[in-house]
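S.K.: With the hints as extra help, turn the sequences into a complete structure.
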Amino acid sequence: MKKSCLLLLAAGLAFPALAQKAGKALPRPKLVVGVVVDQMRYDYLYRYWSKYGSGGFRRLLGEGFSYENTQYNYVPTYTGPGHASIYTGTTPSGHGIVGNNWFVREAGKGTYVTEDKSVQGVGSASAEGQMSPRHMLTTTITDELRLATNFQAKTIGVCIKDRGSILPAGHAASAAYWFDNANGAFITSTFYTKELPEWVKQFNGRKLTEQYLSKPWETLLPIGQYTESTADDVPWENVFAGEAKPVFPHDLPTLSGFTAKGTEHQRAGAAPTGPNYGIIRSTPFGNSLTLDFALEAIRAEQLGQRGQTDFLALSFSSTDYVGHHFGVNAIETEDTYLRLDQDIARLLTYLDKTVGKGNALVFLSADHGAAHSPEFLKAQRIPAGSVGPRLWRDSVQAQLVRRYGAGQWVLTYENQQVYLNRPLIQQKKLDLVKIQEEVAAIAVQFTGVTRAITATDLMKSHWESGLLMELENGYLPKRSGDVMVVLEPGWLESYAYPVNKGTTHGSGSAYDTHVPLVFWGWHVRHGESHVRANITDIAPTLARWLRIQEPDGCTGEPLLEVLSGK
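In our numbering, the protein residues as written are 88 to 653.
Hints in this document: simulated from the structure, not taken from any laboratory.
Keep in mind that this is a model prediction, so the values were computed, not measured.
For glycine and all other residues, C-beta sits at the position ideal for the given N, C-alpha and C.
Incorrect hints may appear among the rest.
To be verified - Under the rule of at most 30 Å between Cα atoms (straight-line distance), these lysine-lysine pairs were calculated in the DSS-like manner: (1) 440 with 111; (2) 294 with 204; (3) 515 with 196; (4) 302 with 138.
Stated by the list, open to error - Label-pair distances were calculated between CB atoms; the ranges are: (5) 195 with 386: 43 to 51 Å; (6) 196 with 564: 40 to 48 Å; (7) 196 with 330: 30 to 38 Å; (8) 284 with 305: 20 to 28 Å; (9) 639 with 392: 25 to 33 Å; (10) 334 with 575: 40 to 48 Å; (11) 477 with 298: 37 to 45 Å; (12) 212 with 238: 26 to 34 Å; (13) 309 with 639: 37 to 45 Å; (14) 444 with 298: 26 to 34 Å; (15) 437 with 312: 24 to 32 Å; (16) 639 with 318: 49 to 57 Å; (17) 550 with 292: 50 to 58 Å; (18) 234 with 584: 41 to 49 Å.
M.R.: Structure representation (structure tokens):
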């Protein structure tokens, strides 16, 4: 049977009486909620299963449909590209978000994924407000919902990270809000509005950040029950600035500068400084604060309660900060997920109450996974290691100087890619392809590298699967480098070299590419599938549910099993 016929069959199963409802409103969910958990590995769904309550992850899996083999189909696996790919239905080669940062050849300098100096912050005087989605080249599923409803649908992005809010909300968003370390408040930019809505001002006026930081971070359960994690004090965990050891309880009032009453205070003998609002990012309470704001957005904007389908793009990013800081196996990480489980339960209960049971369509996924700490793996006699981008950049530069003379041959090394000085190569009348090949040969000699591919080779061929497909899907000629480097499994790359504490991500290895994908709510039948699903399949699946156009750069395919309904 042709794929088009299967799609029609799936649509018919999902809406069996659609043809008999002429003249009535098109059946759609009242509210779509996209939940992206930053740095959530697939196995976190089950690793802490015995500790989860009944209303969060267990409810999603017990009532929803889970794709157990959902994979990222490109590299590098970072936050910006991950969020963009979920919501555009395509890879960095299409939407253009090739990293959290990349080198702009025309400008001769790097840029940040949502950086936009043409706009100003709203609710903040800091540079944290100068953000927009202008670097993203395609529409999002949220954009398409706005277009399909003649902009009557509201689409709002909420996240502590700017990129986790801005990219999912899209170009035509009603609003996007993110957290500012400078004032501990949720802000936006003039790309969206000239003034914060009154409800946002009132929310910020409640000073919940200070309240969360006025109490120590204790474990949710007795610490002896955290049997899925390593000991509380191990050498591969980072400490907070001001701490001697990475152990519970974490004294947030002292570390942040807030007393038990939520008022600012100064540590005895410390130099005068402002309050450390930003530390909340690296605690589970950053997720709780994010949800507090999201629920207020649902209430104040009447999302899903106006006779129109709305979309809330909600991302939880404290899981990423905690993971980077403490690693995959830390008690802090487990505690963060146990508390997130409670926040997910709070979200689902609120949706039942405000939008109505079965009226909201929710999906939960992640922007990437994470690796085990190399030092942890080495302690288990598992191959692992780390590399330093600056060391590699300088090494390649030195070898090219020896071969071709003085000059800045390497402009930068970013996203596991070498950016060569093409104007210099042209000026010296050298062959760019030949130098790319030489750099690739140099790179594969480095410890921890399994192979290196030139940009020219990527553009000459097309691959349907495997590592070369992932590299091709992550490559955009105008923004990507000249040579792509691939690390061995278990090897991490970070400017904080060596990576002997905490963890990171970015590779095409399974621990970075395999993430959860669960649909729940409106017209979602209970079940699971072990057929591979790509992260780019989420947006076209939502488009079929909503009966709207998929994003204009979409390369994913609708997931037919979940679309079949009950």
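S.K.: Could you run down the list of hints and mark each one as holding or not?
M.R.: Hints and how they fare:
{"no.": "1", "hint": "440 with 111", "in the structure": "holds (25 Å)"}
{"no.": "2", "hint": "294 with 204", "in the structure": "holds (28 Å)"}
{"no.": "3", "hint": "515 with 196", "in the structure": "holds (22 Å)"}
{"no.": "4", "hint": "302 with 138", "in the structure": "holds (23 Å)"}
{"no.": "5", "hint": "195 with 386: 43 to 51 Å", "in the structure": "holds (47 Å)"}
{"no.": "6", "hint": "196 with 564: 40 to 48 Å", "in the structure": "violated (19 Å)"}
{"no.": "7", "hint": "196 with 330: 30 to 38 Å", "in the structure": "holds (36 Å)"}
{"no.": "8", "hint": "284 with 305: 20 to 28 Å", "in the structure": "violated (35 Å)"}
{"no.": "9", "hint": "639 with 392: 25 to 33 Å", "in the structure": "holds (30 Å)"}
{"no.": "10", "hint": "334 with 575: 40 to 48 Å", "in the structure": "violated (32 Å)"}
{"no.": "11", "hint": "477 with 298: 37 to 45 Å", "in the structure": "holds (40 Å)"}
{"no.": "12", "hint": "212 with 238: 26 to 34 Å", "in the structure": "holds (30 Å)"}
{"no.": "13", "hint": "309 with 639: 37 to 45 Å", "in the structure": "violated (52 Å)"}
{"no.": "14", "hint": "444 with 298: 26 to 34 Å", "in the structure": "holds (31 Å)"}
{"no.": "15", "hint": "437 with 312: 24 to 32 Å", "in the structure": "holds (28 Å)"}
{"no.": "16", "hint": "639 with 318: 49 to 57 Å", "in the structure": "holds (51 Å)"}
{"no.": "17", "hint": "550 with 292: 50 to 58 Å", "in the structure": "holds (54 Å)"}
{"no.": "18", "hint": "234 with 584: 41 to 49 Å", "in the structure": "holds (45 Å)"}
Hints 6, 8, 10, 13 from the earlier list are contradicted by this structure; the remaining hints agree with it.
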